[in-house]
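Protein chains in written order, with the working numbering: chain A, 1 to 127; chain B, 1001 to 1127; chain C, 2001 to 2402; chain D, 3001 to 3402.
Think of the hints as simulated: they come from the structure by calculation, not from any bench.
C-beta: ideal position from N, C-alpha, C; glycine also.
Mixed in with the good hints there might be a few duds.
Where chain C lies over chain B, by a calculated footprint (3+ residues, C-beta under 8 Å) [unchecked claim]:
| no. | stretch |
| --- | --- |
| 1 | 1016-1024 |
| 2 | 1027-1041 |
| 3 | 1047-1060 |
The primary structure of each chain is shown beneath.
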Amino acid sequence: MTAGPYSAKVMEHFMNPRNVGEIDGADGVGEVGNPACGDMMRLYLRIEEGRVKDAKFRTFGCGAAIASSSMLTEMIKGKTVEEARAVTNLQVAEALDGLPAVKIHCSVMAEQAVKSALDDYAKKHPG
Amino acid sequence: MTAGPYSAKVMEHFMNPRNVGEIDGADGVGEVGNPACGDMMRLYLRIEEGRVKDAKFRTFGCGAAIASSSMLTEMIKGKTVEEARAVTNLQVAEALDGLPAVKIHCSVMAEQAVKSALDDYAKKHPG
Amino acid sequence: MAKVFFDHISTTPLDSRVFEAMKPYLLEWYGNPSSHIHDQGQAALRAVDKARSEVAALIGAKPGEIVFTSGATESNNLAVLGTAEEAGNGKRHAVVSGIEHFSVMNALIPLRNAGYEVTVLPVDRDGLVDPDAVRSALRGDTALLSVMHANSEIGTIEPVAEIGRIAREAGVPFHVDATASAGHIPLDVREVPADLVTLSSHNFYGPKGTGALFVREGTKVAPRVFGGFQEMGYRAGTENVPGIVAMAAAAAIASKEMGHWADHLGRLGKMLWDGLSGIPLLHFTGHPTKRLPGHVSFWVEHAEGESLLLFLNVKGIMAASGSACSSNLRGQDEEDLVASPVLRAIGVPSDICTGSITFSLGKGNTEEEVRLALDALPRIVERLREMSPTYLDYQKRMSQGG
Amino acid sequence: MAKVFFDHISTTPLDSRVFEAMKPYLLEWYGNPSSHIHDQGQAALRAVDKARSEVAALIGAKPGEIVFTSGATESNNLAVLGTAEEAGNGKRHAVVSGIEHFSVMNALIPLRNAGYEVTVLPVDRDGLVDPDAVRSALRGDTALLSVMHANSEIGTIEPVAEIGRIAREAGVPFHVDATASAGHIPLDVREVPADLVTLSSHNFYGPKGTGALFVREGTKVAPRVFGGFQEMGYRAGTENVPGIVAMAAAAAIASKEMGHWADHLGRLGKMLWDGLSGIPLLHFTGHPTKRLPGHVSFWVEHAEGESLLLFLNVKGIMAASGSACSSNLRGQDEEDLVASPVLRAIGVPSDICTGSITFSLGKGNTEEEVRLALDALPRIVERLREMSPTYLDYQKRMSQGG
Ligand SMILES: Cc1ncc(COP(=O)(O)O)c(C=O)c1O
Ligand SMILES: Cc1ncc(COP(=O)(O)O)c(C=O)c1O
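Let the sequences and hints guide you as you build the complete structure.
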């Protein structure tokens, strides 16, 4: 039993987020959300040989948003571009041992951030 | 401080009512109230030389009704007919150290009982 | 002097285990469940969630079907007025039994003012509602049916399962006021097709200030208290956390122990009933067997009720005339003291209603206490009768071979 | 780890003296005041009467002007809806400030549905209502004016005495929600011409589950809870006796001690305010001087509010975003978390509202605790900003000489 509204896993990622930062000259950058809506995530990807070689993020948002961002970067690192694109918000939420119902949208933001970054990558690297 | 809704005086008269009973061949008998309304009082008077020589009552009713009846008989004994007729419900209530607001009508019943008994006496002893 | 509390129908003493359960939420965990971003609020929120499950379990409901309120009166109001509001404009008819509590009856006043028609179902001499009468009363435009589980004043237990099936068939939301019965006799909403059930903490050894309304999934009830989004939107306002925790503790204890209590109270009730039978001109009220355990109600001729109760209290025995409300000295007029709508409904002649008494026993009462009451009451009745002009007249009629 | 409670605006810890005052009415004197024919009921009735005097004394009212309720939400609902109902059909206009609590604002929904017109008064950047705006808003058909005494979220104290005089002149019933202020700063109804005042026990070191509404003699309020004749007919339902006794004990303590508390909290509040001033891009909210003692509210740019609060909690410091309701994770949608109507009303740009925090201190807090918070917060803000894309962009703009 944790003290806050979140699982211990969420709190662990919130307090010690993995992969915070930027990637200089990232192969793909995605940005979703809006501070006016309470959260915003920027995701940087380094893609090599069709695989996510590195991922970094910056997020403005609640505990769930930060933990989802952190968890997402861990999940996609090493995955192929196709595998990374297939990651769903529910997988992120599950990996965090669940999120409160009103916070599910934070995991959705993480899912969208990957898609946005991969779209950016595809645009920059056509074919 | 007493335990119940009534003053110590009311409780004392309720538990040990004075002058309960009848007077055989009373000079005046008064009856007021109605069991359907929750109380009924019958008052017997012995009148000698224009004075209340004796008074007895029977009452069906709440604590305040019984205490008012008892107090009333004490108050009118020895009084002249005129003095007895002048006893008011407020005097009865005061003598009992007060009654709850919704119980004032019990003292009214006592006042009316004297008047009724004295009317009966006047009818039986015209002139 | 021994103090004997025989007025459990007005309220019950707090179980000491309930006090222990409540205490930490008064002293240590004082958080507001809406402020659940931090430990204090989170502890409060979790306590309320747990409490919801425990209260639900008492009647076989799901946690999400329990709405906490400030008490039975609020629950009854919410059931009646909240359901009527959601029923839609076409449905402007309500059906209630003639022995519902004021918190159901008086909730009908605004409905009547708004043009609703109300059918009041009669009860028989024992206080029972006739299911067939329910069937005939329900109409296409009936918004709500309300029949209580057990009556406080006369103890009668109504056939709510059967009545519920009739309501279900007719598609009418069915409210059961279980204030007097919950925690004392079983009521399982998986078997009784009630859509709304009122529960009252202080009537089953929990504290005053908390009640609940069971709202069956899918039943529509408009809120009556507006503000923040507490209680799933059914009831705004910061939750009475210690009260809710305590009610849940009381519910959990009752769930386990009510069978034992009922056995014990059944025995004491029988002893009391048998003993009282010896008093002349005493009439029991309510159904002889379909009644709350430990609940013995009656009226005596030629002795006024308040005097009886006052005298009993002096002798250390605390009882009441059934519904705490109907002996309300603070009422606007004396009416309150005299006219019990329930006794009128079961046909007790109104000039003797005033001699009514309800002995409602609780789990803590003993045989010794019953004996004390059985020793005291006949003498008190005798003494008051000796003072009563009506008894004198009665005796004269009798001696004249009347 | 030290636990620092800085969320007294959501609720306060129970004063141990209040617990001691309440305890006998949980354990020993459990009677129902309506069942006052016997010792138990009589003790309960007397306790409630005494409590009424004590609560009245807190605001200079007469005992008969205090109606006990289940809490501030119910009191606010009763004030708004009960007054509107009594105002008569011709009067279908209500005036409220734009920073009233949901329990006032949402009580207007049924009024609006019934065709009422509502004027919402703007507030200035400090959250103050302009008495002149009140004067212009009141009309011949105004049924009610409601302006709170102090705002929970931003701490601003409104000029209710002046506003009251305007309402009195215009003959409009004036309701003051004193939930956040009562027991903390003086409010005397002999000086402030308010007709209705909401009081909340759990906001001044009493328990949850009890509140009160002051109803000035002669003011007409229709009841909202129907049933027995409790609370002089204003509010049916068995009284929450221990809660009422406890609220009264809390009121009596506050009456005596609130001056000391305010001094102490004024000092701590200043220390906190001064310390926080050092954090860049931090903006205080509410009036700088006309504010609740010990109440310090602000928003910071580039750090989201929930994250701040969560992090603070991990560091042992419990705070909230002001109104417990507006941080309600259980809300139907995320709106709750984002949009604070109060911050919008004072013109805080909506994309940064989310970084708002209220530190509301209580009489038990210490300088040491303030130091802990002042030590923790700057680092937390720094850490969250380092994670924020908006802060990165801001820094870039700055370094480009923006
Ligand atoms: C059957 C029944 N329902 C409801 C109530 C109202 O309960 P409360 O006064 O606790 O709100 C009572 C109280 O006597 C009752 O007997
Ligand atoms: C100003 C104000 N009024 C009323 C309320 C409602 O209080 P309660 O939730 O205790 O009913 C609150 C609660 O936050 C408040 O801040």
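Cross-check of the supplied hints:
Counting residues of the stretch 1016-1024 of chain B whose beta carbon lies closer than 8 Å to any beta carbon of chain C gives 3, which reaches the threshold of three, so the coverage claim holds. Residue count for the stretch 1027-1041 of chain B with a Cβ under 8 Å from a Cβ of chain C: 9. That meets the three needed, and the coverage hint holds. Under a criterion of three residues with beta carbons nearer than 8 Å to beta carbons of chain C, the stated coverage of the stretch 1047-1060 of chain B is upheld, 3 such residues being counted.
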